[in-house]
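Protein sequence lines correspond, in order, to chains A and B. Each residue of the first sequence is one higher than the one before, counting from 56 in my numbering. Each residue of the second sequence is one higher than the one before, counting from 56 in my numbering.
By construction, these hints were calculated from the structure, which means they are not laboratory data. Accuracy of the hints is not assured; some may be wrong.
Which copy? The list can't say, so a pair holds if one copy fits it or any two copies do.
[Stated by the list, open to error] Listed next, the in silico SDA-like pairs over lysine to any residue satisfying Cα-Cα at most 20 Å (straight line):
{"no.": "1", "residue 1": "K70", "residue 2": "T101"}
{"no.": "2", "residue 1": "K444", "residue 2": "D215"}
{"no.": "3", "residue 1": "K303", "residue 2": "C67"}
{"no.": "4", "residue 1": "K70", "residue 2": "R414"}
{"no.": "5", "residue 1": "K422", "residue 2": "D123"}
{"no.": "6", "residue 1": "K422", "residue 2": "E99"}
{"no.": "7", "residue 1": "K303", "residue 2": "G144"}
{"no.": "8", "residue 1": "K244", "residue 2": "S207"}
{"no.": "9", "residue 1": "K107", "residue 2": "A277"}
Protein chains: 2
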Amino acid sequence: MNLLTNLECGYCNKKLDAGKIWNLCPECGKPLLAGYDLNRADLETTKNNLSKREPNLWRYHELLPVQDSRFRLSLGEGFTPLIHAQRLGKQVGSNSLFIKDEGLNPTGSFKARGLCMAVSRAKELGIRDLSIPSAGNAAGALCAYASLGGLSAHVFMPNDVPRPFIAECRALGGHITLVDGLISDCGAKAAEEAGKFKRFDVSTLKEPYRIEGKKTMGYEIAEQMNWELPDVIIYPTGGGTGLVGMWKAFFEMSEMGWISSKKPRMVSVQSEGCAPIVKSFHDEKEFAEPWLDAMTIADGLRVPSAIGDFLILRALQESQGTAIAVSDEELLAGATTIGHTEGIFACPEGGATLAAFMRLRENGWIKSDETVVLFNTGSGHKYYHLWDK
Amino acid sequence: MNLLTNLECGYCNKKLDAGKIWNLCPECGKPLLAGYDLNRADLETTKNNLSKREPNLWRYHELLPVQDSRFRLSLGEGFTPLIHAQRLGKQVGSNSLFIKDEGLNPTGSFKARGLCMAVSRAKELGIRDLSIPSAGNAAGALCAYASLGGLSAHVFMPNDVPRPFIAECRALGGHITLVDGLISDCGAKAAEEAGKFKRFDVSTLKEPYRIEGKKTMGYEIAEQMNWELPDVIIYPTGGGTGLVGMWKAFFEMSEMGWISSKKPRMVSVQSEGCAPIVKSFHDEKEFAEPWLDAMTIADGLRVPSAIGDFLILRALQESQGTAIAVSDEELLAGATTIGHTEGIFACPEGGATLAAFMRLRENGWIKSDETVVLFNTGSGHKYYHLWDK
C-alpha cells in the first residue's frame with residue numbers, strides 16, 4: 056500500500072504526474088509538494104502497527120513517495136531520540152523541555168532524512184547522476200545514499216567549509232567541487248554543470264522528495280509524544296525544508312485522524328548575521344528579501360535566500376508562531392549549555408534553538424509549563440573547530 | 056523485575072555483593088562480571104515483548120545491572136542498525152555480509168554503551184566523581200553521560216589524540232588532562248589522581264558494568280537476526296570489552312532459551328603495529344604479553360596490554376574463532392571501501408574488520424555463503440584527518 060497520488064505546486068497549485076521526473080513547477084518556478092490519498096480506512100491499522108516497526112523513517116512508508124520497497128535505501132535514518140531535557144529545563148525555567156537529537160542520524164545530521172528520500176525516489180525513477188550545493192551536511196548525506204544506491208554524487212560546497220565535511224564526502228566517494236563564495240554561488244555552479252552533464256539537481260526544495268523525508272520529523276514527534284503535539288517547536292531555519300515538512304506532516308496526520316487539530320506554534324530561529332526569514336516575518340511579507348553579506352559561524356544558517364521562503368512564512372503565520380534572530384555568541388553558548396547539562400554535543404544550529412528558547416521564555420512568549428521541542432539538527436563533531444581553542 | 060544477583064571474578068570465580076562498589080577482584084586483581092537469575096519463567100514474556108520497546112539498549116533492562124529505572128540515563132544509545140551490505144558483499148565475495156553500524160550511537164561510537172551503563176550504575180550506587188583513561192571515544196562517552204547524570208568526569212588522553220576528541224569533551228563539560236604517552240600512561244596518571252582525589256575509575260574492565268552495556272551488542276544481533284546468530288563476527292579489538300561482552304550475552308541467551316546453542320566464531324582483528332591478542336592467540340597463551348612500541352593510526356587499537364586478555368583469548372578459543380592483524384594501509388582502505396559501497400563513514404577500526412574479512416575469505420576460513428557481521432565501532436568523523444589530504 057502506497058498512497059502517492061500526484062504532485063502539486065506549493066504556490067500556484069498546478070497538479071503534475073508524480074510518476075514523471077520534476078524539479079520546480081513548470082508554470083511558476085516554485086517548489087512542488089507530494090499529495091497522498093489520506094482517506095483510506097486501513098490507515099488506522101497502519102497507525103496501530105507502528106510500534107512494532109523498525110526504528111527508522113521507513114516505518115511511515117505508506118505516507119512516503121517510494122512505491123517499490125526495493126528502492127527504500129536505508130542506513131538507519133530517522134526515529135532519533137526525543138530527550139526529555141530535565142536538567143536543562145530546570146536551568147532555563149521549563150517543566151517540559153525536549154530535545155529532538157538529529158545528530159544520531161547517518162552522517163550525523165537531519166540532512167540524512169531528506170537525501171535518503173530524494174536518492175531512493177530518484178533511483179526508482181531511473182536517475183543515475185545527482186548534484187547538490189551544500190553548506191556541508193547535505194553534501195555528506197547525498198554522498199552516503201548515492202554510494203549505498205550505486206548512483207553518482209556531485210557536491211558543491213563553499214571553499215571555507217570546515218574540513219571534516221570535505222573529508223566525509225571523500226570517504227563516501229563523492230565528486231567534490233569547492234566554490235569561492237556562498238551556498239548561493241555553489242547553487243549557480245551546480246546548476247550550470249547539471250545542465251551541461253545532465254545531472255539531477257537535488258537542491259533544497261528544488262525537487263519534491265527531500266521534504267517528504269524531512270516531514271518524518273513531524274510524524275516522529277507525534278508518535279513519540281503519544282499523538283499529542285507539543286505547544287511549541289523551535290527550529291533552526293536555513294532552507295526551511297524541515298519546518299515546512301513538519302507543518303505538512305501535521306496536516307496529513309490531522310486529515311487521517313491520527314492527531315487532534317491542535318498544532319504547535321512554530322518558531323524559526325536564525326543568526327543575526329543572516330536572518331531573512333526573521334526580517335520578512337516581522338515585516339509581514341509573503342516572500343523574503345535576499346540577505347546581503349550573510350555571515351555566521353552556524354554554516355547551516357548561512358542561507359541568504361530560500362526558495363521555500365513563502366512556505367516557511369506561511370507556516371509561521373498559520374501556526375501563530377514567530378521568528379527570532381540570535382547572535383553567534385548566544386548560539387554557541389547555547390550549544391555548550393546543552394552539552395554541559397544534557398550530554399548532547401550539539402551543532403551550532405542546535406545551540407541556536409536554546410538561545411531562542413531563552414529569549415522567548417524571558418519575554419513571556421513561552422510559559423514555564425508549556426511543552427517545547429528544540430531541534431538539534433546535527434552533531435557538533437563536524438564543527439569541532441568551534442570548541443578547539 | 057531485575058535479576059542481578061552478584062558479581063563474580065572472571066578469573067578466580069570469587070563471588071561478591073553486587074550492591075557494593077567494586078573495581079577489580081580483591082583476591083586476584085582480575086575483572087569482575089555480573090551474574091543474573093536467568094531461570095525465571097517470565098523471561099519468555101520479556102523476549103516476546105521486545106519488539107514494542109524503545110529502540111535503545113534499555114530494552115533489555117531486566118538483564119542489565121541498574122535496579123531503579125530513575126537511574127537509567129539515556130541519550131538513545133544502542134539498537135544501532137544492522138545493515139545488509141549487499142553492494143560490498145558482491146565486491147568481496149559474500150552472499151550474506153552485514154555491518155553493525157555503531158557510529159549511530161550518541162558521541163558517535165560503541166563506547167556510549169559501556170559508559171551509559173557504568174555511569175548509570177555508578178550514580179545508583181551514590182558515586183559522584185568519575186575518571187577514565189581513553190584513546191578518545193571513551194572519554195567523550197563518559198563526559199556525555201556524566202553531564203546528563205550531573206556527575207563529574209575526569210578524562211586522560213594521550214596528547215597526540217586527534218583534536219576533535221578534545222573538543223568533544225570540552226563541549227560536554229569534562230575535565231581534560233593530556234598525557235605525554237600511550238593509553239597505558241594515561242591509565243597510570245588517572246589511577247594516581249583517582250586515589251588522591253577519591254574518584255571512581257571506570258577504565259575498561261576495571262569496574263563490572265561497562266561490559267554489561269557492551270554485551271547488548273550481542274542481544275541486538277540476536278534480536279535483529281530473528282534469534283539466529285551469524286556464523287562469524289569480526290570485531291576490532293583494543294580492550295576487548297565488546298567481544299567478551301557479546302560472548303557473555305550469547306551464554307545468557309542460551310541459558311534463557313532465547314537462542315539455540317549454536318554460537319558464532321569470534322574473530323579479533325588488530326593492527327600489525329599493536330597485535331598482542333593476535334600473537335598470544337596463535338602462541339596458544341592464556342595471557343597476552345604487553346606489546347612494545349605500539350603504533351597504529353587506529354587509535355582504538357593502540358592498546359598494548361588489556362586487563363581482560365584472558366577473557367578475550369578464552370572467547371576466541373571456545374568459539375573456534377581466530378585473531379588476525381592487518382596493516383594500517385589495509386584498514387584505511389577497508390574504511391574507504393565501506394564508504395564507497397555502503398555509504399557508511401567508518402572509523403579506521405571498523406575498516407580493519409573488512410580488511411580481516413578479505414584475508415579470511417581469501418584463505419578460505421570464511422565461505423561465501425556464511426553469514427558474517429562486521430563491527431564498525433564508530434563514525435569516521437572524529438578521524439577525519441585520515442581523509443584530509
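> Looking back at the hints listed earlier, which ones does the structure fail to meet?
Replying inline: 1, 4, 5, 6, 7
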